[in-house]
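Student: Here are the chains, one letter per residue:
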Amino acid sequence: MSDQNNTQHIQLAEESIQKQTTTLNLGPTHPATHGIFENVLEIDGEKVLSATQRLGYIHRAFEKIAERRPYGQIQPLTDRLNYCSAPINNIGWQLTVEKLLGLTMPKRVDYLRVILMELARIADHLVCNSVVAVDTGALTPFTYVFQMRERIYEIYESICGARLTTNIGRIGGFERNFTDESWKKLDEFMVVFPKTLKEFESLLNRNRIFMDRCIGAGPISAERALNYGFTGPNLRATGVDYDVRVHSPYCSYEDFDFEIPVGTNGDVYDRFMVRNAEMWQSYSIIQQALTKLKDLDPSVYHADVPAYYLPEKKEVYTKMEALIYHFKIVMGEIDIKAGEVYHPVEGANGELGFYLISDGGRAPFRLHFRRPCFIYYQAYPEMIANGLLSDAVIALSSLNVIAGELDA
Amino acid sequence: MSRPVQYNTNNKPAVIPEGYSGEGFMATKMDQLVGLGRSHSLWPLPFATSCCGIEFMGTMGSNYDLGRFGAERMGFTPRQCDVLLVAGTISKKLAPVLRQVYLQMAEPRWVIAIGACASSGGIFDSYSVLQGIDQVIPVDVYVPGCPPRPEGIIEGILRVQDLVKAESTRRRNHPRYKELMESYGIE
Amino acid sequence: MTNEYIQQILSDKFGAAVWGFEETFGIFSFNIKPEINTAVLQFLNDEASLSFQFLTDLTAVHYPDRKDEELCVVYHLHNLVANKRIRVRASVPVAQPDIATMTNLFSSANWMERETYDFFGVNFTGHPNLVRILNADEMNYFPMRKEYPMEDPTRTDKDDEMFGR
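Chains as they are written, first to last, in the working numbering: chain X, 141 to 548; chain Z, 185 to 371; chain B, 40 to 204.
Hints are computed from structural coordinates only; laboratory data are not their basis.
No experiment lies behind these values; they were computed from the predicted model shown.
Cβ coordinates follow ideal geometry from the N, Cα and C atoms, glycine included.
Hints may be right or wrong, so weigh each one.
What the hints assert, rightly or not - List of simulated lysine to any residue pairs, SDA-like, C-alpha gap at most 25 Å:
| hint | chain 1 | residue 1 | chain 2 | residue 2 |
| --- | --- | --- | --- | --- |
| 1 | X | 432 | X | 321 |
| 2 | X | 204 | B | 41 |
| 3 | B | 123 | B | 58 |
| 4 | X | 338 | Z | 350 |
| 5 | X | 204 | B | 123 |
| 6 | X | 477 | B | 176 |
| 7 | X | 325 | Z | 246 |
| 8 | X | 239 | B | 61 |
| 9 | B | 123 | X | 497 |
| 10 | X | 204 | B | 58 |
| 11 | X | 239 | X | 402 |
| 12 | B | 72 | X | 479 |
| 13 | X | 187 | X | 171 |
| 14 | X | 204 | Z | 316 |
| 15 | B | 123 | X | 321 |
| 16 | B | 185 | X | 478 |
| 17 | B | 106 | X | 479 |
| 18 | B | 123 | X | 325 |
| 19 | X | 477 | B | 144 |
| 20 | B | 106 | X | 325 |
| 21 | X | 239 | B | 106 |
| 22 | B | 106 | X | 338 |
| 23 | B | 185 | X | 499 |
| 24 | B | 123 | X | 479 |
Unchecked claim - Here are the in silico distance ranges between beta carbons for each label pair:
| hint | chain 1 | residue 1 | chain 2 | residue 2 | range |
| --- | --- | --- | --- | --- | --- |
| 25 | Z | 218 | X | 301 | 41 to 47 Å |
| 26 | B | 55 | X | 242 | 31 to 37 Å |
| 27 | X | 470 | B | 77 | 34 to 40 Å |
| 28 | B | 179 | X | 528 | 51 to 57 Å |
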């Protein structure tokens with residue numbers, strides 16, 4: 141009798157017929173992963189015991205490419221990091237180079253940048269939240285919300301010409317002033333967006349089924365999150381109110397009045413709610429920016445730095461200095477002093493950091509992107525351990541891992 | 185009292201394959217009939233990797249609506265799909281996976297390379313990126329762009345539809361097709 | 040917590056093994072000897088007046104011209120409460136690029152060290168799983184080092200005269 145109670149740990153071979161756990165491969169091309177990365181899960185029935193990950197399926201060697209390109213040409217690369225919110229990456233890069241060069245931007249440029257970054261943040265959170273809804277089975281909010289994304293794409297297109305990978309703005313400001321058409325589209329968006337977001341929230345926020353599904357799935361505590369280097373909405377969902385826009389303000393964010401929504405448990409429901417609340421905060425920031433812009437001179441859209449910002453075409457054709465500046469900027473032979481700068485911005489996923497070392501040459505000596513997705517995705521096995529397989533799927537989509545930013 | 189038609193007022197007759205028609209019957213070639221049916225019910229397999237994948241999601245959305253052209257049901261399993269839509273950068277690490285997915289698709293199958301990265305490596309001329317998926321699998325239609333506009337992706341689907349309509353049902357036995365497959369090392 | 044205070048307390052504790060204190064663009068940085076990296080980071084973490092408990096970034100830089108100090112491992116730390124960032128640099132020679140791992144202290148260092156190993160070949164001793172993470176597993180060189188080109192070295196169809204490698 142006592143022998144039966146004395147259980148021993150039995151090691152069975154992998155191929156053994158008595159092995160109790162199943163190895164399930166979720167990826168790399170899987171509709172549930174929303175990106176190209178592979179999760180190998182050990183599951184016991186429905187319960188996930190452990191997971192390992194394989195990345196690098198879309199590694200495009202951004203950092204190596206950046207060592208060959210002059211500063212202006214690196215901006216299209218930054219687009220493709222977190223491609224759901226490309227303007228944030230672009231503007232982050234411009235801010236990094238401007239920090240290195242010691243340039244200050246006029247207020248109007250700052251406010252325009254803030255508007256674009258908040259629009260990008262709304263776009264990214266819309267994708268993430270609607271995809272969480274799709275993974276729980278609610279397919280309709282996805283189509284409603286993508287209409288809002290189409291409106292945001294149209295705003296980008298009227299400003300810079302591209303919908304998704306925007307390459308918006310230049311080092312020194314914007315390439316052209318915002319047209320009346322883009323202001324009209326922005327105003328329409330500001331009217332239509334709250335209605336759609338309210339509808340989206342009314343479908344899901346207090347929906348009993350959605351809440352039962354998501355509360356308690358994929359949780360992580362604040363201490364573990366900080367140890368894993370979490371930033372952004374995932375960290376704020378655990379209760380830590382760290383936001384780069386408030387801690388290290390850039391681009392005149394200190395002029396704006398907004399709250400930082402935080403959660404408590406760090407589970408899927410908290411992340412969903414934090415993102416929803418952040419969208420409302422971004423909306424309010426855009427409203428404040430639009431009011432502030434009324435007092436500023438509407439013809440200013442770049443700083444007066446002819447050495448780094450392309451001069452007007454008619455001046456290039458008539459003045460000698462403008463011609464020389466144009467030539468130097470286009471050929472990439474601008475004077476960049478040597479230096480080492482780390483500039484963080486609040487990306488849609490967290491602290492997106494640009495670590496730039498310049499040695500005075502035309503291309504950076506070293507450019508490293510501190511990518512939030514890469515850093516917090518490490519915690520995924522810990523978050524889903526002892527949870528159900530379906531919870532593992534929604535935990536993954538609520539983390540908002542964008543493959544372009546993961547692999548860089 | 186019926187509501188007058190406001191928008192779709194062009195008279196667009198359906199495209200009927202050429203053949204001999206009479207009172208209550210129409211005779212045409214089997215290939216053309218099958219091609220007509222196939223082309224209007226292509227089931228795509230989205231192999232969406234990066235930014236082009238997001239633009240593809242926008243194409244599937246209600247604004248650009250790829251479902252109008254018969255591509256409503258996106259299967260995520262290669263066994264059930266006709267068209268492999270490769271959208272996004274394919275790295276050398278992913279190339280064997282792509283080939284495996286292509287091999288699992290049943291004949292007849294077509295491939296669209298969406299975007300510059302899938303067509304030729306795009307702006308990423310680095311050590312880790314495959315310079316075009318046609319190095320591992322045969323491609324039917326290339327859609328350039330970075331990312332291509334949704335209209336471009338729809339144009340790609342329409343060109344595949346043209347290919348499908350014109351295709352013989354005995355394509356897989358054709359010597360040129362066999363030669364193409366052998367050049368890729370596919371049985 | 041001022042830069043002078045950090046410099047003072049570190050020099051008192053570690054002496055000549057920390058040097059090169061400077062502030063670049065708002066971040067206070069200094070160099071340390073690679074052997075003491077665990078001790079320094081642990082001290083920065085535990086000491087109540089410092090408490091740099093958030094590892095923002097871990098990467099490396101390859102300086103081919105510095106003899107015996109080619110690979111410089113860079114840690115960015117952040118004290119979230121006092122809102123202070125510092126940068127710690129530890130250089131290792133490319134012939135023997137060994138440095139202790141920080142995964143016991145910061146779980147986020149796990150993949151960041153793997154990435155640094157993958158790109159530069161820095162060997163983090165004590166790491167639980169130091170294998171390649173982003174590049175293909177079969178790759179046998181460390182691509183971010185300066186001597187390797189951006190393009191695939193085995194490629195034959197790109198004409199050097201036209202594209203100028």
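Student: Which of the stated hints cannot be reconciled with the structure, identified by number in ascending sequence?
Tutor: When the structure is compared with the hints, numbers 2, 4, 5, 6, 10, 11, 15, 18, 19, 20, 21, 22, 27 and 28 turn out to be violated.
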